[in-house]
Amino acid sequence: MSSDNECENVRNDAKKRKKGVKNEENYVQNVRKRQRISGREYTTQKNKLVQAKTIGENCRCKKQCFNKTSEDQRQMNFDKLYSIESKNGQDIFLQSLISCTEIERRRPRVDDERSKSRFGSYTYYVEVNKKTLQVCKKAFMSIFAVSAKRIRRLSYLKQIGKVPKDGRGKEVTSRRAIDGNLCLKIREHIESFDVKSVHYGNSEKKYLSASLDIKQMHKMFLQKNPECNSITYSFYRKYFKENFSLSFGRPQVDTCSKCEELNAKIKSNFLCESAKRVAVGELLVHKTRAKKFYKKIEQVKNDIKNKQNAFAICIDYMQNLPLPHIPVQEIFYYRQLWVNEFCVHNLKTDAAVFYSYHEGIANKGPNEVCSFLLHYMEHFMPSAVDELHIFSDGCAGQNKNNTVVRFLMALTQTHRFQKIYHYFPTRGHSFLPCDRDFGLVKRKIKRYDRVYTPEEYENIIVASSYFSKISVFKVTTQMVIDFKTWWTRLYKKNCISIQSLGKKVPKDKKVNFNVSLFQQFYYDSSNPGVVQTREYIDGFLKFDFKLAIGRENVLLPTAQAYGDKVPINIKKIEDIKKVMKHISTEFSTFYNDIINWPAKSSETLEEDVE
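Here the sequence shown is numbered in UniProt numbering, starting from 1 and rising by one per residue.
Source of the hints: derived by calculation from the structure; they are not laboratory data. One or more hints might be untrue.
[Stated by the list, open to error] Here are the computed distance ranges between Cβ atoms for each label pair:
hint: 1; residue 1: I445; residue 2: E188; range: 40 to 48 Å
hint: 2; residue 1: D213; residue 2: K469; range: 35 to 43 Å
hint: 3; residue 1: T54; residue 2: T101; range: 30 to 38 Å
hint: 4; residue 1: E188; residue 2: R443; range: 29 to 37 Å
hint: 5; residue 1: D166; residue 2: K287; range: 54 to 62 Å
hint: 6; residue 1: E188; residue 2: Y125; range: 52 to 60 Å
hint: 7; residue 1: T54; residue 2: N225; range: 56 to 64 Å
hint: 8; residue 1: S96; residue 2: K63; range: 19 to 27 Å
hint: 9; residue 1: Y156; residue 2: Y125; range: 40 to 48 Å
C-beta atoms are modelled at their ideal positions from N, C-alpha and C, and glycine is treated no differently.
Please put together the full structure from these sequences, using the hints given.
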């Protein structure tokens, strides 16, 4: 690489660094410094071009010192000096080639103050065939391409017995420098505020109270430390921005109704201390149970790392995407066509598969969830896997319902899996690895002001992952299988747990099968037709429910859930017609197909696909 273009190439070719990681070797000032030390051509901070160093001209002295060495020998000495990567190392090398001796005879020059201060004479050497050859000062400067000022400094340090040390840029001006103790007080003051951690996004984010801002914090700092009146608001703000990654307020998506209720009781002025202590205890138990879900994810990831027959996935629906997505204010008030994205995240490889379709293809229900899971198991999961762990949120209309429970039970009854574990989080604490994938996609979508078709969304989703770990599968109506009506003839809708069967158990102690009451489900092929449940993840109490009717062989359904297309509400079709005037003719074919779909009958007109 040529030296004059290295700084520019570093700017263009350097990858975007990760947050908190410093690539100091690629800083322009450090690249410029390396070029200057190595004697190469470089551009100063004021865009002034400095030519590369080369061996100088002949000294033309009486002893012909320059001609005593060949061109190769001079080049070898030159290269040896500038191959040293530090200024201090180069000075030490040059100083080793300078010899200082006391002056044996002084001439009486009264007026020459310089002669009086000089108490040594110097000789200079270069290396020739592993030996030293004495040369004059001018030849020494010419061979090594160094200035007389540099030689004078090194000679003086040699004379007083000191090792050269580069002190340029090390001095700090006392007038503008802030005392380190004051910076330490600023840090302690900022750290004294309570922060709340939020787990939504790619990394943990911490938030200060919404009632604060940097200006108020600066005033509070000066009130607490009146002796620090030299700390201005601008310096306090700069220190806060450069040393802390804190924001003010907290996104409301992170709130939990149980946490808010208990926190309100703890802060209430109308409750006694004993009631507040009970609320504190309940809050601790609630948060401990909520953390079990995330600990279980990490535990399963570590357990299956070296297992070939074990697999773990997370499933979730992304927030609906509007179609078309265009910056026209009128579109906001119309019933738009929604695009659904169902994500299956592989915990073993962190790869994700998005099942993409709009609401004219299928709905968002248990039929879709079971169909997509079955498709993923057939196409993206090795056939040798016999132990499956599933993590999902507790949405009753999608993941946590009777249909999904019977579908997973049927997979063990048909011996596709030996064991299946299904985990659900505490309500309000349902962050999943899928949410990290959704965060990547949403940030990518924000860059686009116009999206007209589902195919454009699919391309954006694939491009959102830097490491190409996100793929998209386009869903068709024929893929969705009817699981909701299939299980009713093979399994019971409700039953009593095996542990509470019999007349000896009182009626109020009997446990009925209610999907919403449990957070952990376990299916085993050695005990077909039975699901083992726990009220909390890894809870002590276990309840077994025999849901299968008789010993009939179970076969997965093959009947489709819909016909050729799922009709959309008539009112929504009318709004799509209004939207079409804002869409170019290039995309009119897609929306014309939607308009021409058969409408719902009068009996189901009030039902909304959403």
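Hints, verified against the model:
The beta-carbon spacing between I445 and E188, approximately 41 Å, falls within the hinted interval of 40 to 48 Å. Our hint of 35 to 43 Å for D213 and K469 holds, since their Cβ atoms are close to 39 Å apart. Look at T54 against T101: about 32 Å separates their beta carbons, and that is inside 30 to 38 Å. For the hinted restraint 29 to 37 Å between E188 and R443, the CB-CB distance of approximately 35 Å keeps it satisfied.
Against the hinted window of 54 to 62 Å, the Cβ-Cβ separation of D166 and K287 comes to about 55 Å, which satisfies the hint. For the hinted restraint 52 to 60 Å between E188 and Y125, the CB-CB distance of approximately 57 Å keeps it satisfied. Hint check: T54 to N225, Cβ distance near 58 Å, so the stated range 56 to 64 Å holds. A beta carbon spacing of about 22 Å between S96 and K63 agrees with the range 19 to 27 Å that was offered as a hint.
Between Y156 and Y125 the Cβ separation comes to about 18 Å, which falls outside the hinted range of 40 to 48 Å.
Consistency note: the structure conflicts with earlier hint 9 alone.
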